[in-house]
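Asker: Each chain, written out:
There are 2 protein chains.
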Amino acid sequence: MENKNYPANRLDLSFYREELPRGNRVALAQAITLAESTRSEDVASANQLIEQLLPHTGNSVRIGITGVPGVGKSTFIEALGKYLTSLNYKIAVLAIDPSSTKTKGSILGDKTRMEELARDKHAFIRPTATGNALGGVTDKTREAILLCEAAGYNVILIETVGVGQSETAVRNLSDFFLLLMLAGAGDELQGIKKGIMEMADAVVITKADGDNLKRANQAKADIQHALHIFSDSDSGWKPKVITSSASEKKGIQETWNLVQEYVRFAREKNFFDELRIRQNLIWFQERMQQLIKQQITESPELNEQIKILEKKIIDRKILPARAAQEIISNYFKI
Amino acid sequence: MENKNYPANRLDLSFYREELPRGNRVALAQAITLAESTRSEDVASANQLIEQLLPHTGNSVRIGITGVPGVGKSTFIEALGKYLTSLNYKIAVLAIDPSSTKTKGSILGDKTRMEELARDKHAFIRPTATGNALGGVTDKTREAILLCEAAGYNVILIETVGVGQSETAVRNLSDFFLLLMLAGAGDELQGIKKGIMEMADAVVITKADGDNLKRANQAKADIQHALHIFSDSDSGWKPKVITSSASEKKGIQETWNLVQEYVRFAREKNFFDELRIRQNLIWFQERMQQLIKQQITESPELNEQIKILEKKIIDRKILPARAAQEIISNYFKI
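Just so you know, the protein sequences line up as chains A and B, in that order. The opening residue of the first sequence carries number 394 in this note's numbering; numbering runs sequentially from there. The opening residue of the second sequence carries number 394 in this note's numbering; numbering runs sequentially from there.
For reference, chain A alone in the conformation it holds in the complex (with noise of 0.2 Å):
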């Protein structure tokens, strides 16, 4: 990784610790740079530096958003994003996508995709990297958002694909999870997503314009209905469905109302610190998880070793469970 734009010494921590709070969007995007960097130098240096802003982290509302191809994510996340410059929030835009490391199209397509919103001095766009296969697909937006709230912006869009785990993977990160949907898509869409509709907080029903418009409020019927049948949420809020048309700017304000009652509800059951506290846990474990496989994969000897005893288990010469068993006692007796 280049790093012509790091301040003189990169690990020299006090130019981020001050520019960040500043709002200095550049230091801002060199440090997240750095926290995803494979570096374990750069990694400490990152961990290091976030640690000393967490006083100026936390004051954001984090809104995770998924929904298929094709659902029109990236002109309704313009179109609130839009919307909430215009009331004077910052906001920033974390776009997921774990099918980038193999395309690398829609990473580079993410300023293009949000054009009149990454003109927008209030708004941060920045794909998230998704390369390395250990940490899973939101290997570092943790410490992302943690960089954006730092610099002062107080509404986190993280964006996904509705591909794989990364959902889950997002719902971990997020206060409100909302998922778009597009109207009359068949019930084969739905079928599939139907996992993902249980951790939604709300539903938005894209394209609810012309010709769309009847079957958009006969899905929210549908849906609303639908979402009776899961059992009440941790925090007991129930989940709401909107329509909404980017195009005609119908539905936006709805989302964000929304988005701003149940932060409402949910601070009142103290439950908005607690999911945090509840995500910061699985943090916790998800790291120490992968710095395992991480020492694992970056250890010749252990590596020649494991190679060895694979050789055995195809040869039917070792049973896996034993083979597992040699590792452990000889590599990690704690």
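No lab work stands behind these hints: they were computed from the structure. Mixed in with the good hints, there may be bad ones.
Where chains are identical, the list cannot tell them apart; a pair therefore holds if satisfied intra-copy or between any two copies.
List time: in silico EDC-like cross-link candidates among lysine to aspartate or glutamate, alpha-carbon distance up to 16 Å [to be verified]:
| # | residue 1 | residue 2 |
| --- | --- | --- |
| 1 | Lys710 | Asp666 |
| 2 | Lys710 | Glu444 |
| 3 | Lys704 | Glu641 |
| 4 | Lys662 | Asp625 |
| 5 | Lys704 | Glu667 |
| 6 | Lys633 | Glu647 |
| 7 | Lys475 | Glu703 |
| 8 | Lys700 | Asp625 |
| 9 | Lys633 | Glu591 |
| 10 | Lys705 | Glu667 |
| 11 | Lys705 | Asp666 |
| 12 | Lys704 | Asp666 |
| 13 | Lys633 | Asp615 |
| 14 | Lys643 | Asp602 |
Since the structure of chain A is already known, use the hints to place chain B on it.
Answerer: Here is chain B on its own, set in the frame of chain A:
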């Protein structure tokens, strides 16, 4: 765990090593209990035993069977089991019920569920313990399969209810994966099973008799059509759909013929052994993860440290990522 049925010295493995290949059912049941023990000496003994028995293992077809409660799994398995023993196969039924740790009910009910089969001396029915949260739902099922094979059972039916990750886990230890479905259970049910359907080598539509017959045939056509949507499986096998009526003994022979057709197909392509090797490598990886978790759980000092760090995380005094780093650097140095 009481061990009054063990030989005088429970770690004297020669008893099992001699008795299992003779088909001694009591020795088999005890050996599985030994493998399922949570005492590490027992596990080490069981692993040693199974490794010594490896030459006697592998000569079976391992059939994973899943389906929602009410689909008629027990009835189907009993009918299939009786049919197979009538052909002089020795069959073992390993029932995995992830909910059993809570209710205990279905495990106790296993033998009464399949009363006729339970009396058949060529059938061995065993619920497998799923109590160990560390190991997941199929914690020791692999060991049980190998022990059954060593005792001469040549068709192993591994049954699971459709809860959580259990299907994927069972898929990872089966040669052939069978999904039972009800006709006309509505799109909702079919939607829930979509991820599962992609893993199936065959779908059996149960209760295809009487008034239900027409609907079952329609469902067969629909599901066959749906299966075409999925991309080819690794083996190139095209999943088939069968209608079945356990009461009319319909579809049982057909199911077995299909399993045999699959085995021929997979052997011809060298896929049969290749899949088992892959599954053994997964077993190795999973068991390593599990042993690491176990080490953490069993170390009082480490647990104490984790508790202290969790308290700091809750009080926002440490970054979760840094807390994880601290644990791993101090306790998991390779």
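Asker: Now, for every hint given, state plainly whether the structure supports it.
Answerer: Hints versus structure:
Taking the closest pair of Cα atoms, Lys710 and Asp666 come within 16 Å of each other only across two copies (15 Å); inside a single copy the shortest separation is 52 Å, beyond that limit. Taking the shortest alpha-carbon separations for Lys710 and Glu444, only the inter-copy value of 8 Å comes in at or below 16 Å, while the best intra-copy value is 49 Å. In this homomeric assembly, Lys704 and Glu641 never come within 16 Å of each other (Cα to Cα): the closest approach is 62 Å inside a single copy and 49 Å across copies. In this homomeric assembly, Lys662 and Asp625 come within 16 Å of each other (Cα to Cα) only inside a single copy, at 15 Å, whereas the closest approach across copies is 49 Å.
Only between protomers do Lys704 and Glu667 lie at most 16 Å apart by alpha-carbon distance; the minimum there is 13 Å, versus 47 Å within a single protomer. When the C-alpha separation of Lys633 and Glu647 is checked against a cutoff of 16 Å, the pair qualifies only within one copy, where the shortest distance is 11 Å, while the shortest distance between copies is 48 Å. Taking the closest pair of Cα atoms, Lys475 and Glu703 never come within 16 Å of each other, the shortest separation being 54 Å inside a single copy and 39 Å across copies. For a Cα distance limit of 16 Å, the shortest separation of Lys700 from Asp625 qualifies neither inside one copy, at 48 Å, nor across copies, at 30 Å.
When the C-alpha separation of Lys633 and Glu591 is checked against a cutoff of 16 Å, the pair qualifies only within one copy, where the shortest distance is 12 Å, while the shortest distance between copies is 31 Å. Taking the shortest alpha-carbon separations for Lys705 and Glu667, only the inter-copy value of 15 Å comes in at or below 16 Å, while the best intra-copy value is 48 Å. In this assembly of identical chains, Lys705 and Asp666 lie within 16 Å of each other by CA distance solely across copies; the values are 15 Å between and 50 Å within a copy. Taking the shortest Cα distances, Lys704 and Asp666 sit within 16 Å of each other only across copies (15 Å), while inside one copy they are farther apart (49 Å).
In this assembly of identical chains, Lys633 and Asp615 lie within 16 Å of each other by CA distance solely inside one copy; the values are 12 Å within and 33 Å between copies. Taking CA atoms no more than 16 Å apart as the test, Lys643 paired with Asp602 passes inside one copy only; the shortest distance there is 9 Å, against 52 Å between copies.
In summary, the numbered hints that this structure violates are 3, 7, 8.
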